[in-house]
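Number of protein chains: 2
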Amino acid sequence: MSSDAALEEGTSLSLDYDKLSKIAAADQHVVPVVLQHAETGDVLYIAYANEQALRATLEKREAVLWSTSRNELWHKGATSGDVLELVDVRVNCEQNSLLYRVRPTGAGACHTQDASGTARMSCFYRTIIDADTLQPAG
Amino acid sequence: MSSDAALEEGTSLSLDYDKLSKIAAADQHVVPVVLQHAETGDVLYIAYANEQALRATLEKREAVLWSTSRNELWHKGATSGDVLELVDVRVNCEQNSLLYRVRPTGAGACHTQDASGTARMSCFYRTIIDADTLQPAG
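Here the protein sequences come in this chain order: X and P. Taking our numbering as reference, the numbering of the first sequence is continuous, increasing by one, and the terminal residue is 140. Taking our numbering as reference, the numbering of the second sequence is continuous, increasing by one, and the terminal residue is 140.
No lab work stands behind these hints, which were simulated from the structure alone. It is possible that part of the hints are untrue.
Some chain X residues close to chain P (C-beta under 8 Å, calculated; not the full set) [said to hold, decoys possible]:
#	residue
1	25
2	36
3	52
4	85
5	91
6	94
7	96
8	99
9	114
As the structure is a prediction and not an experimental result, all values here were calculated from the model. Beta carbons: idealized from backbone N, C-alpha and C, even for Gly.
Please build the complete structure, drawing on both the sequences and the hints.
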């Protein structure tokens, strides 16, 4: 397997505990965002938003994030058509994280595909069974 | 209102876009964690975990986080008794975030209280209606 395939489809846990340091080193002023399917309640993924992304989300009524890897605004599904329609944006008590409640319009929200070649709805498709090992979520 | 009360109970949006920089500056190696009520699907809050917190969660079968403000292990509910029993821990495709699916055993998971003095189950009790303004989530 390529390193991406091992990370995304493998059964070994290899968590990246340095991503937040990289975000800070790149001087990105963002908060974490949980994206949740408003109808099923499924947690789709965690992403990041800065002020520009939040404003764009509220204006377009579709999920807009800040891509911390590409360092640019990320209008989810703008290319593929699989946008996430916005139901609402919520903020936590301490105002340091966001919840985007969304309605997916396409096949899935994750960039990976299951064994049948279908885009996965959620990025959380594996369960950690011990500190080293993953299995498909039941 | 005190500044905490304004932040937690007010209707002005004042997001802390610098928390992740502070985490990195304190040399904390953590990933963001979504805590989700396994039965209702409600997103309770976002917290952080390092390797020690993840191992403790898997061993105790209760949610254990890393407190980025106190810089110590945070066994949720250890003092109050309102622990979050673990259903499972999931990891995302890129292995840089976690989802703890939990069963709350107490009144709520948020440290704030609603107008009747009851602990709120979720920290996401306010909706952002424009870039400056909040209202109670419907």
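Hints violated by the structure (numbers, ascending): Hint 4 contradicted; others consistent.
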